[in-house]
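A.B. asks: These are the residues of each chain, in order.
Number of protein chains: 2
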Amino acid sequence: MFLALGKRVAVSAARARAVSAVRVTKMALTQISSAKCFEGYQKVYEHDSLELKCKMRFGIYLPPKAERVKCPVLYWLSGLTCTEQNFITKAGSQQAAAEHGIIIVAPDTSPRGCNIQGEDDSWDFGTGAGFYVNATEDPWKTNYKMYTYITEESLITSGQSVSALAPICNPVQCPWGQKAFTGYLGSDKSKWEAYDATCLVKTYSGPLLDILIDQGKDDQFLAAGQLLPDSFITACTDKKIPVVFRLQEGYDHGYYFIETFITDHIKHHAKYLNA
Amino acid sequence: MFLALGKRVAVSAARARAVSAVRVTKMALTQISSAKCFEGYQKVYEHDSLELKCKMRFGIYLPPKAERVKCPVLYWLSGLTCTEQNFITKAGSQQAAAEHGIIIVAPDTSPRGCNIQGEDDSWDFGTGAGFYVNATEDPWKTNYKMYTYITEESLITSGQSVSALAPICNPVQCPWGQKAFTGYLGSDKSKWEAYDATCLVKTYSGPLLDILIDQGKDDQFLAAGQLLPDSFITACTDKKIPVVFRLQEGYDHGYYFIETFITDHIKHHAKYLNA
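Those protein sequence lines, which keep their order, are chains A and B.
Count the first sequence with this note's numbering and you get residues 6 to 280, in order.
Count the second sequence with this note's numbering and you get residues 6 to 280, in order.
Keep in mind that the hints are not guaranteed to be accurate.
Remember, identical chains collapse to one label, so a pair may be satisfied in a single copy or spanning two.
With a straight-line Cα cutoff of 27 Å, these simulated DSS-like cross-link-like pairs (lysine-lysine) come out [to be verified]:
(1) 70 / 272
(2) 194 / 60
(3) 244 / 272
(4) 95 / 244
(5) 70 / 222
(6) 48 / 245
Note that these hints are calculated values from the structure, not bench results.
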């Protein structure tokens, strides 16, 4: 499973043959908001998560085409500090999604309101920083099952294409990852590798991947050694997995960077999703 | 002066021949943030406003073309509750501005931090709700000089084209306008008309206007009688002033509506600004 790539603002995609009103209804969703946008609808739903044992929200953009036929789904996994709101309000993704007939699901990034001691103590661990892992350590293991939430409780059926914007490529080797994985997974580093894209790609034997990564050259977290794209590229090169890595001169880590390149990423996925 | 049109999310435009690094420097600006976006830069500046007697912030998008030549400027006047941030983070305007070589200035909507009694008591009056008027009543008249701030202290040199998204077309006749104008301007209603687009257009004798208005049909504030576009259209028709008014089926008052149509508005202004 390749969703572990790009803890920050990663994009992964899946053909969702089964997405339908019936399937959605089964999740017992409560509509929080709905606004017309580029002739489709940007909605936010809330549901009780069985895996996370709390109420969760996600954003979903339904392109106008979805009123007539089933459409493929792109999953946007936001990064540190984000809720389901950041991407849907700031990325300007809806125009390209409408054009290519793609549904975009933007989940939240951690369980919410679980009242776990220390969950709000830092911005890079706990609330807003689930790192898409299944925690095995107390007090996190009861609720912090983000890996299962994203891969099983949501509607992802198969990974097809992958892209990322300024991802944490090798969390095992960076301060953010070491802090989070120690807290959620304990001190046995061999257990960390299942959630590290660079480690995963070294043993990858699934379908052919087509990976697109954009990275701002002036991203402060690149300079701080938190993102480590070189490690990932080296691992991909060794495995002969093609990666298009674009180091974008002058861009930082913020949403103006995302907004600038999101259309390229949606086009990248549309090639496969609409094939 | 036609800037009074569209208290909410109005767009007006001006040829800014004098916009240059020198001119900007004279305003004693402090750069708060700068992020590359569509090969240009989205910046936020702070400055001491002489008119408003407080520090003010505004957003400015500089398209890549602005590095080589002088570019025209479009002024985006946000509506109730907004700061300089709403438009620049949510509207997705930068792509079209980059394409057409247009600078977009997004000022704040009221004085800030003036410690006027009652300034934060309601969301539709005081902080975040300056209504672009020059207040004449205590305790507002010392700081609330938004009309002069926008038309003189900023760099607007001449009005050329105008457009608006879900504007308050006839504030003299709606609850928002009546509350604000009573508070800022007093009970003499004849003084209100200078800030009401519908009243202004009845006596307009300036250059030919080309007005574009988009209005969501499901906008809750349209149904509540706060926006009154029919009054404005009737006044324009009587004066033979052309207005393209598009009632957009299913759209509400939020930024997903703005995001959907902002490119059309930038194109509308680009016709004149780049002529």
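A.B. asks: Hint by hint, note whether the structure agrees.
C.D. replies: Tested hints:
1. Proximity of residue 70 and residue 272 under a CA criterion of 27 Å is satisfied in both settings, with 16 Å inside one chain copy and 26 Å between copies.
2. In this homomeric assembly, residue 194 and residue 60 never come within 27 Å of each other (Cα to Cα): the closest approach is 31 Å inside a single copy and 51 Å across copies.
3. For the homomeric pair residue 244 and residue 272, the shortest alpha-carbon distance inside one copy (25 Å) is at most 27 Å, but the shortest distance between copies (47 Å) is not.
4. Proximity of residue 95 to residue 244 under the C-alpha cut-off of 27 Å is found in neither arrangement, the shortest distances being 35 Å within a copy and 40 Å between copies.
5. When the C-alpha separation of residue 70 and residue 222 is checked against a cutoff of 27 Å, the pair qualifies only between copies, where the shortest distance is 21 Å, while the shortest distance within a copy is 37 Å.
6. In the homo-oligomer, the alpha carbons of residue 48 and residue 245 never lie at most 27 Å apart, since the shortest distance is 40 Å inside one protomer and 41 Å across protomers.
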